[in-house]
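Asks: Working from the sequences, and respecting the hints, build out all of it.
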Amino acid sequence: MTGYSDSTIWLIIVAVGLGTYGLRWSFLGIFGSRPMPIWAQRMLRYTAVGVLPAIVAPLVVWPAATHGEPDPARMIAAVAAVAVGVLTRNVLAAILAGMTVLYTALYFMA
Amino acid sequence: MSAQAELAASPNLSPEQSRALQRSPAQCVRHGFLQALPFILVLMPFGMLFGVVASEAGLDLAQTVGFTVLVLAGASQFTAVQLLTDHAPVLVIIVSAIAVNLRMAMYSASLVPWLGAARPRDRAWIAYALIDQSYALSIQHYEKHPRLSIDQRVGYFLGSVLATCPVWVVAMLLGFWLGKSIPEDWALDFAMPITFLALISPMLRTPAHVAAALVAVVGSLIFAFLPSGLGLFVAAPLAMITGAVVEALMERRNGARL
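Those sequence lines, one after another, are chains A and W.
With the working numbering as the guide, the letters of the first sequence map in order to residues 1 to 110.
With the working numbering as the guide, the letters of the second sequence map in order to residues 1 to 258.
Keep in mind the hints are simulated off the structure, nothing from the lab.
Check the hints yourself; a few may be wrong.
Cβ-Cβ distance ranges computed for the label pairs, FRET-style [what the hints assert, rightly or not]: (1) W:ARG205 with A:ALA40: 19 to 25 Å; (2) W:ILE150 with A:SER5: 44 to 50 Å; (3) A:TRP10 with W:GLY255: 56 to 62 Å; (4) W:ILE150 with A:TRP62: 37 to 43 Å; (5) A:TYR107 with W:LEU91: 44 to 50 Å; (6) W:ARG147 with A:LEU11: 42 to 48 Å; (7) W:GLY255 with A:TYR107: 51 to 57 Å; (8) W:SER10 with A:TRP10: 51 to 57 Å; (9) W:GLN27 with A:GLY32: 24 to 30 Å; (10) A:MET109 with W:GLU143: 34 to 40 Å; (11) A:TRP10 with W:GLY179: 46 to 52 Å; (12) A:ALA83 with W:PRO89: 44 to 50 Å.
Quick look at which bits of chain W chain A covers, simulated, 3 or more residues with Cβ under 8 Å [unchecked claim]: (13) 65–77; (14) 82–95; (15) 123–130; (16) 183–191; (17) 197–204; (18) 244–255.
By construction, the Cβ of each residue, glycine as well, lies at the ideal position given by its N, Cα and C atoms.
Replies: Structure below.
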């Protein structure tokens, strides 16, 4: 039991679904192939490098799995993933390096 | 010789770049699919956890599936279910769960130069399947291979979606039915940070990209005290502005030297 009626829950689901779709469709749907202002294009080139590290950094420094306690194994693994990614420019190699270092470090630090 | 084949033969391309240009759209789908497979490591544990949390919160199977299929955004789904358990007002739940997805509008905008020329029908499903993983993987592919045709870009995006979105749904069902998530000591919580870092680091090829990433990291740590992930919406725009400013400065300096 959630304390909400079934129809309320469905209302929430549909509203969040529509709102989220609206955000995703927004620029891609409206602008299409019309050019965007130069300054906007310039900023948007840095969306991925601006958003993803900002999502990840707090998770690296204060991991949820350790209840926010900084964890050396996870930090070393993050550094390894970045280093291999920068050096090889290969996403898969960086993932493998990060996970390998994580498991090795967790094993030795346990 | 087709336009793409002609481009592929141009001498200033790396072998990898000319290979990418020669792929048919169907081969692009396969390529995107294969490159997105590592994300299963991320999506399985989070998807299963959502199934568990949703069933514990008292949602039935149809509602849990509804959330996953209609919203298709992990952080937002978790926020909504958490607030349901806290008995928050309906409007608060709706607004908070949508606000978590504001970054999707930034993704949408940054894809315009790459996918804006796609047919409206294609843009409609691309918008539906625009998740962190499909976005990040595709944008780094487009930046690495700027001369891909629109069909090749759409194909690659489709491949990355096919490898990720169905997994999210299946994982959610497994979690819901088994009532179990993947054990914590597998440390799969950290697969998400690692895959995101792995996607970002090959993109750090200009001083502007490096500066933007640094500001994103520092900003997100400084503003981590803000509630419900709002720090991201301070840090990310700051980082994007930094990237744009550094780019403009570098251009001016290079222009002065010429």
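Asks: All hints, please: hold or fail.
Replies: How the hints compare with the structure:
1. One distance hint, 19 to 25 Å for the beta-carbon pair W:ARG205 and A:ALA40, holds here, with the actual separation near 22 Å.
2. For the hinted restraint 44 to 50 Å between W:ILE150 and A:SER5, the CB-CB distance of approximately 46 Å keeps it satisfied.
3. At about 57 Å, the CB distance of A:TRP10 to W:GLY255 agrees with the hint of 56 to 62 Å.
4. Checked against the hint of 37 to 43 Å, the pair W:ILE150 and A:TRP62 passes, with Cβ atoms roughly 42 Å apart.
5. The hinted window of 44 to 50 Å between A:TYR107 and W:LEU91 holds, with their beta carbons roughly 48 Å apart.
6. For the pair W:ARG147 and A:LEU11, the beta carbons lie near 46 Å from each other, so the given range of 42 to 48 Å is met.
7. Taking 51 to 57 Å as the suggested C-beta distance range, the pair W:GLY255 and A:TYR107 conforms, at roughly 53 Å.
8. At about 54 Å, the CB distance of W:SER10 to A:TRP10 agrees with the hint of 51 to 57 Å.
9. Against the hinted window of 24 to 30 Å, the Cβ-Cβ separation of W:GLN27 and A:GLY32 comes to about 26 Å, which satisfies the hint.
10. The supplied range of 34 to 40 Å is met by A:MET109 and W:GLU143, whose beta-carbon atoms lie about 36 Å from each other.
11. For A:TRP10 paired with W:GLY179, a C-beta distance near 23 Å fails the hint of 46 to 52 Å.
12. Roughly 47 Å separates the CB atoms of A:ALA83 and W:PRO89, a value that falls within the hinted 44 to 50 Å.
13. Counting residues of the region 65–77 of chain W whose beta-carbon sits less than 8 Å from any beta-carbon of chain A gives 7, enough to reach three: the coverage restraint holds.
14. With 6 residues carrying a beta carbon less than 8 Å from a beta carbon of chain A, the region 82–95 of chain W meets the three-residue requirement, and the given coverage holds.
15. Remark: the region 123–130 of chain W is confirmed as covered by chain A, as 6 of its residues place a Cβ nearer than 8 Å to a Cβ of that chain, reaching the required three.
16. As drawn, the region 183–191 of chain W meets chain A at 5 residues by the rule of a beta-carbon pair under 8 Å; at three or more, the given contact holds.
17. A stretch counts as covered by a chain when three or more of its residues have a beta carbon under 8 Å from one of that chain; for the region 197–204 of chain W and chain A the count is 8, and the coverage holds.
18. Requiring three or more residues with a Cβ within less than 8 Å of a Cβ of chain A, the coverage given for the region 244–255 of chain W holds, as 3 such residues are present.
In this structure, the one hint that does not hold is number 11.
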